[in-house]
Every structure is written in C-alpha cells, then in structure tokens.
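Asks: The lines below spell out each chain.
Protein chains: 2
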Amino acid sequence: MLDYKLLHALATVIECGGFERAGDALGLSQSAVSQRIKSLEVRLGQPVLIRHPELHPTPAGQRLLNHYQQVQLLERDLRTTLPTLGESAPRLRIAINADSLVTWWADAVGELCRAEGLLLDLVVEDQDVGLKRLRDGDVAACLCASPQPIAGARCVPLGEMAYQPLATPDYIARHFPHGPSIDAFRQAPAIVFGPHDQLQHRFLAQCGYHGSFPYHLCPSSEGFVRLALAGMGYGMIPQMMQADALVAEGRLASIAPGESLSVPLYWHFWRHSGNVLERLTRALGQVTLK
Amino acid sequence: MLDYKLLHALATVIECGGFERAGDALGLSQSAVSQRIKSLEVRLGQPVLIRHPELHPTPAGQRLLNHYQQVQLLERDLRTTLPTLGESAPRLRIAINADSLVTWWADAVGELCRAEGLLLDLVVEDQDVGLKRLRDGDVAACLCASPQPIAGARCVPLGEMAYQPLATPDYIARHFPHGPSIDAFRQAPAIVFGPHDQLQHRFLAQCGYHGSFPYHLCPSSEGFVRLALAGMGYGMIPQMMQADALVAEGRLASIAPGESLSVPLYWHFWRHSGNVLERLTRALGQVTLK
Chain A
-8 MLDYKLLHAL ATVIECGGFE RAGDALGLSQ SAVSQRIKSL EVRLGQPVLI RHPELHPTPA
52 GQRLLNHYQQ VQLLERDLRT TLPTLGESAP RLRIAINADS LVTWWADAVG ELCRAEGLLL
112 DLVVEDQDVG LKRLRDGDVA ACLCASPQPI AGARCVPLGE MAYQPLATPD YIARHFPHGP
172 SIDAFRQAPA IVFGPHDQLQ HRFLAQCGYH GSFPYHLCPS SEGFVRLALA GMGYGMIPQM
232 MQADALVAEG RLASIAPGES LSVPLYWHFW RHSGNVLERL TRALGQVTLK
Chain B
-8 MLDYKLLHAL ATVIECGGFE RAGDALGLSQ SAVSQRIKSL EVRLGQPVLI RHPELHPTPA
52 GQRLLNHYQQ VQLLERDLRT TLPTLGESAP RLRIAINADS LVTWWADAVG ELCRAEGLLL
112 DLVVEDQDVG LKRLRDGDVA ACLCASPQPI AGARCVPLGE MAYQPLATPD YIARHFPHGP
172 SIDAFRQAPA IVFGPHDQLQ HRFLAQCGYH GSFPYHLCPS SEGFVRLALA GMGYGMIPQM
232 MQADALVAEG RLASIAPGES LSVPLYWHFW RHSGNVLERL TRALGQVTLK
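One line per chain: the protein sequences are A and B, in this order.
Under this note's numbering, read the first sequence as residues -8 to 281, first letter to last.
Under this note's numbering, read the second sequence as residues -8 to 281, first letter to last.
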C-alpha cells in the first residue's frame, strides 16, 4: 500500500503553490513537508516536483497526483454511504476541447458541481489529442472529437458542434471579392487554433483546395474570435460561440456561404472512477449541441 | 551556413500538417520532403519531428523553426529596401498572457498586421512564465507581468490590468453571507487559471488569509468567466473582460467590494529581430489598459 500521507503532501504543495503554504495548510513545518516529498522521491527513484523556475509536478508526480485524485473519488462514493466518515472535495481532472469550455460546458455541469461540491481540474486540449491524456492515465475523463473507444473506458456521443468560416465584411471585400477560389485561398490569411488543429485544412479540402496558405496561430477560442473581428483573418468559428449574433449584427460574415463543418463530440471516462463520473455523464446527456 | 532549403521543408511540413501536403506546397514528392527532414536530423544528430500520435516539432525542431522565423523577419526588412526581391510572410512567434489575448490585443495590433501582411504565432502563457520562453529563444517577443529585463532584449511597460474577485449574487449569498472572512475563504470554491497562476493567492494574502482553499482549475479566460457565471466559484476577473457590464447587469458581483488587484504588463522583445518588432512596439504603445 502506498503511503497516502506522502501523496497528500505532494497534492497540497501543488495546490498551495509552495512548501511554506503547504506546511501552514497541513499544520506541519516547511521542513516536514520537504521531508515527505523527499521520501516519495526516494521510494519512486525519481523526482516528483520541479522547483525552478516555477513549481510544477514532473510527469511521474502528475501520475501520482492523478492516482491520488482517483482514490479520493472512490472515497467520495464511500462517504455517500458512510456519511459519518466526514467530507472531502477532490478535484476531478478532465481534458476538454477549448470551444466546448467557452460555450456550453459550464451550464451543463454547473448545477451538479454546486450540488455535490465537486471541483474540476480542466485541461484544455485540441479536440484530437485529449484522448491520449486519458490513455496515459493523466485525466479521469476526456471530451474530444474521437469516437475511438479505449480499453477500460466508456465512450458516450454528445452530438456535433457546427463551424462556419467567418471574417469581417471588410476582410471579405479585400480577400474574397469574387467569392471563394483557389487563388483567394492561397493568399488570404486564415486563423488556426494550433498546430494540431485540422479544422482549417478540412474546410479547405472540402472546398477542393489542398495547398498551403498564410495563417495566424491563436490557441484561444475567444482570442480567435477577437482576431477575426479585428480583420486579421478568417477562421472556423463555432455557431454556439455567438456566431449567429455576430453575423446578425453584420460584424462577421461567411467567406463561403452555405459551407460549414461539423465536429462530433464524445465523452470518454474511466469505468471505475466512481459514481460521480456517472452523474456527470448523465448531466452531459442533457446537453443540446448545434 | 545552414541549409535553409531543409529548414524551409521542416517549416512547411509543420504548417501543412503532413509530408504529402508539404510536398504539394513545395512542388516536391513526399519522399523528397522526407529526405530533407532526414538530412536535417542527420546533421543535427537528433530528431526534429515527432510523427506519432500527432505531428509536432521536437524542442530542437522548435528552435530551428524559431531561428528560421527570425531570419525571415530580417529578410522582411531587407525586402522593404529591396522590393524587387519579392514578397514573403513569416509568422512572428509571440508569448502572450491569456487575458490580454481575449481583451485588448487584437484591436491594438490588427491594423498593423493587416497593413503589413504580418502573421502571428501566438503562444498563450501564464503571465509569470512567458519570459522564460523568450530567454530560451522560443519566441521573438513576450507580453507578461515581469519587468525583469533580459540580456539582448528590450522591456517596455504597457500599463496595468485591474482584476476583481467576482461571483454570482447567488454564490455570494451562499458562501459569503456575512462578507469575506477567514472561515468563508477556507470553504468557498474559487476558480484558478492554472498551477502557475498566483492571482488568487495574492488576493487572499491581501485579505489576510494564507491557508488552503478549494478551487477549480480552468486554463481559459472565457471558460473562467463561464464557470463564474454558472455559480461554480468566484475568480479574479479582469475589468477589461466585460466585468463592468456583467456587474451592471447583476449577473456578477464582487465578493469583497473595494478589493482589487493590479497586474502590470511588460512587452519584451529581442533587439535584433528586425523593424517589424519596432513598429509592433509602437502600436502597443498606443494602448490604454485599465
């Protein structure tokens, strides 16, 4: 059996952002906290924390924290049946695509989190890579575009998010005066979320264009819309992200009216992480995407 | 002298998201592109690309790409004085804090980017760590909270962003019925941007509380506001991010009226990355933060 006192010290150091604060929280001296981290590292044969330039867990430390969290989730269920055990509030680590996080996510899970005192540790991942985090045991659940099931996990489809290629009317007049064309696609600056984001490539392939094109990289959903609104490029913007309102106000328009892309979303989670994940899954089942 | 044909192949593979597409863009066969990447790796004695599960540069590959970009920036200046050389559009890699990206950034730089055909590669970093990227040569400029100058770079102060601790009125009635207190801070769920984010800790220290507290982790500025609006916690929200409007509408309120935090912002950039950075710096000088 692992010594959970040591894991608790590790989690507290990360949570509090330092050894001294962790000591205060645990009612221990700073050196007692250091000693616990050291014991963990000796047992593991490798470091669990990187101290400089800023405090963060090593990959091994992250695995330990994730395991600690899963054990806490199981304890949470136990406490439901044995309420005299007292209360705790573990954080549930979830990988999520940025566009869901800035649109429907909080409304879907807010009520459950409030009612159960559930805390989330959200990790933003491109929709095509979050699943790897789940497979690696780095998160307890993952919301992503891949339907591929992984051993030991369940996969629940949630629907699809629709994306349209939007830009300012000025931008369209400058770069697409004659509508979409191979020449225009080759020269018009686009906005791409990140190096793993294939939405823009998929959209261009759908329009019959397979070459290279100039683009900004902007790994923030809201920042992405801001760049589009400033006339810096066109980008695939989710309909749920005020796109309809921005189009209705005349601030954005489609560079290729009628063209859109749908991205399916799937919820993957470990089967044995406890009932709270089942309840979260039920809450997500109520969502209507578009 | 480096063989820039090889660096160009590497940049194109990353831009196009694959060897086949890069071949199309370069007018080469897929195997000719592979051969160029391989030559680069042989010369360097280590891989520049990771192919599975998704294509991305290794840290060494990233350094090469950054160097390639800096050389392109210098070429851009050269082209201004020798216009017959033809045109190119390198991407400028910049580390930026998330809250700037979703508020004032695009309006400040949009006009310059449009006028010069300048493309950005934005890397979102916590305000306290972006500088490390600049020091490592991973970005050409960095917008962050640290005034600490680094050798070879200039540092320009841009002003301060103000943050207030906001939550829904319901949340405040539930968790802070008698206003802020040590007991309330110990139990009320907060929202923290990420493990490097010290804003919440600074705010609590300012209120005289130094212990641990429950919190969600949400590394997305807009997602952060969504969690607050869903009543999941209170969080430090920038005034520039519609905070005043949300407070005026009664959707959010301060848990500690009168308390706020100011985060200074500084623009750091390499001195010898070309004139475009000078012009970008002038554009940023026009910004009024609050």
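Accuracy of the hints is not assured; some may be wrong.
Identical chains blur together in the list; that is why a pair holds if it fits in one copy or across any two.
SDA-like cross-link-like pairs, simulated, lysine to any residue; straight-line CA separation at most 25 angstroms [said to hold, decoys possible]:
{"#": "1", "residue 1": "K281", "residue 2": "V147"}
{"#": "2", "residue 1": "K123", "residue 2": "P48"}
{"#": "3", "residue 1": "K123", "residue 2": "A106"}
{"#": "4", "residue 1": "K123", "residue 2": "P186"}
{"#": "5", "residue 1": "K(-4)", "residue 2": "H169"}
{"#": "6", "residue 1": "K281", "residue 2": "A23"}
{"#": "7", "residue 1": "K(-4)", "residue 2": "P168"}
{"#": "8", "residue 1": "K123", "residue 2": "H43"}
{"#": "9", "residue 1": "K123", "residue 2": "P44"}
{"#": "10", "residue 1": "K29", "residue 2": "E102"}
None of these hints come from the bench; they were simulated from the model.
Asks: Does each hint fit the structure? Answer for all of them.
Replies: The hints, checked one at a time:
no. : hint         : in the structure
1   : K281 / V147  : within (17 angstroms within a copy, 44 angstroms between copies)
2   : K123 / P48   : both (19 angstroms within a copy, 18 angstroms between copies)
3   : K123 / A106  : neither (30 angstroms within a copy, 41 angstroms between copies)
4   : K123 / P186  : both (16 angstroms within a copy, 21 angstroms between copies)
5   : K(-4) / H169 : neither (67 angstroms within a copy, 35 angstroms between copies)
6   : K281 / A23   : neither (53 angstroms within a copy, 43 angstroms between copies)
7   : K(-4) / P168 : neither (66 angstroms within a copy, 34 angstroms between copies)
8   : K123 / H43   : between (27 angstroms within a copy, 11 angstroms between copies)
9   : K123 / P44   : between (27 angstroms within a copy, 8 angstroms between copies)
10  : K29 / E102   : neither (40 angstroms within a copy, 53 angstroms between copies)
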